[in-house]
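Start from the sequences and build out the full structure, keeping to the hints where you can.
Listed below, chain by chain, are the residues.
There are 2 protein chains.
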Amino acid sequence: MNSTPTPDVAAWSEGRSRLYEAAIEAFATRGFHATTTRDIAAAAGMSPAALYAHHRTKEELLYVIAMRGHETSLALVRQAIASHDDPVEALRELAHSFAEFHATSHTTARVLNYELAALAPAHRADVDELRHHIDHETRALVQRGVREGAFATPNATMAATAIISLGVDVARWFSEGHHWTAQQVADFYADAALRIVGAVR
Amino acid sequence: MNSTPTPDVAAWSEGRSRLYEAAIEAFATRGFHATTTRDIAAAAGMSPAALYAHHRTKEELLYVIAMRGHETSLALVRQAIASHDDPVEALRELAHSFAEFHATSHTTARVLNYELAALAPAHRADVDELRHHIDHETRALVQRGVREGAFATPNATMAATAIISLGVDVARWFSEGHHWTAQQVADFYADAALRIVGAVR
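In the order they appear, the protein sequences are chains R and X.
This note's numbering puts the first residue of the first sequence at 1, with every later residue one more than the last.
This note's numbering puts the first residue of the second sequence at 1, with every later residue one more than the last.
Everything labelled a hint here was simulated from the structure, so no lab data went into it.
It should be emphasised that the depicted structure is a prediction, and the values quoted were computed from it without experimental measurement.
One thing to keep in mind: the hints can contain errors.
[Claimed, not checked] Computed Cβ-Cβ distance ranges for the label pairs, DEER-style:
#: 1; chain 1: R; residue 1: Thr57; chain 2: X; residue 2: Ala140; range: 44 to 54 Å
#: 2; chain 1: X; residue 1: Gly198; chain 2: R; residue 2: Gly15; range: 46 to 56 Å
#: 3; chain 1: R; residue 1: Glu89; chain 2: X; residue 2: Gly177; range: 55 to 65 Å
#: 4; chain 1: R; residue 1: His84; chain 2: X; residue 2: Val200; range: 25 to 35 Å
[What the hints assert, rightly or not] Stretch-level coverage of chain R by chain X, calculated; a stretch enters the list once three of its residues show a Cβ under 8 Å from a Cβ in chain X:
#: 5; segment: 20-32
#: 6; segment: 168-179
[Unchecked claim] Not the full set, but computed from the structure, chain R residues with beta-carbon under 10 Å of chain X:
#: 7; residue: Thr161
#: 8; residue: Ala182
#: 9; residue: Gln183
#: 10; residue: Gln184
#: 11; residue: Tyr189
All C-beta atoms, glycine included, are put in the ideal place defined by N, C-alpha and C.
Structure, rendered in structure tokens:
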């Protein structure tokens, strides 16, 4: 479905990892449009020619970053859903790991959530497909909890949206040195998610 | 405390309003750093010289936008708190109007929340002071609800953070033409806020 095959993260060279880190930092700090490939190459300690060997455009770089990040998010959601048959425990795990990821990876997550408008339409469609799965699978979990009598909410879809949205926005306000740890935020947010769906103990 | 007096919105000329609208649109679409004062002047149908008569820099323009937006948010929070003695009804009103503002003014709100890093330190401090009041007064309301036995939450500060965060993030995912109206989102979010604080009926 992707117009470019998703790269195998494990196989990435150190130089390539440096390149992605430099691009994430630059996009998060100055925004996609104000960043040049030359800035990114310099920050990664590479020549512009070396960068072009990997990526023809900075949009392609943003695309790879966006796909990786959303694949990680989707994997966390799926792992959480598979972790417990009980929808209460599965949702607790989902909200916890989703919030924790957005706290610990807040710089990457800002790029994933605020720079998507810069993607080419075909690339945006690939990312939106992953986002659709994240939303859809979270919603399906909440709906199952309602059907099984474990949750009580007037709108399972909005409840799922609110839980994902809470997690995403952690990346905006959280940073290292915050007086709360990522773990404390994740613990509170796991409980908040259960409250939002009206989990019945 | 502000280094520039806050402008009187009612006294703004039509040209000035067009200027702010053009700047908000440009900052939201391409980011602050990739926008030039020339772009903004052109979008507002002004000459660059006319723009410079009002603002010497685009940073000053961002500052005025950020102050106006945060003053509006703070006013909504204060009105809600003053609207009811009962903390349940006051928090319902607060979460409702805060979410509704971030849905209906989503383009402005994106600039308010994602472009602040571009402000000069003194201007950032002015905006942060308004943000501090928004957080502090919301937290004080939740704490009062806990003291009065109306709310039950293990952490009033995190609960207040989550309620404000939920409202802010509406600006990221909401847009006109969404299958939910701003009113529907606000209604659900008002209820979600009461659930997060464990409102006891």
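Against the structure, the hints come out as follows:
1. R:Thr57 <-> X:Ala140: 44 to 54 Å: Hint holds: Cβ distance 50 Å, inside 44 to 54 Å.
2. X:Gly198 <-> R:Gly15: 46 to 56 Å: Between X:Gly198 and R:Gly15, where Cβ atoms are some 51 Å apart, the hint holds.
3. R:Glu89 <-> X:Gly177: 55 to 65 Å: violated (37 Å)
4. R:His84 <-> X:Val200: 25 to 35 Å: Given range 25 to 35 Å: holds, Cβ gap about 29 Å.
5. 20-32: Holds: 4 residues of the segment 20-32 of chain R have a Cβ under 8 Å from chain X.
6. 168-179: holds (count 5)
7. Thr161: holds (7 Å)
8. Ala182: Not OK, violated: R:Ala182 not within 10 Å of chain X, min 13 Å.
9. Gln183: violated (13 Å)
10. Gln184: At 8 Å from the nearest chain X Cβ, R:Gln184 passes the 10 Å test, so the hint holds.
11. Tyr189: holds (7 Å)
Of the hints listed earlier, those the structure fails to meet are numbers 3, 8, 9, in rising order.
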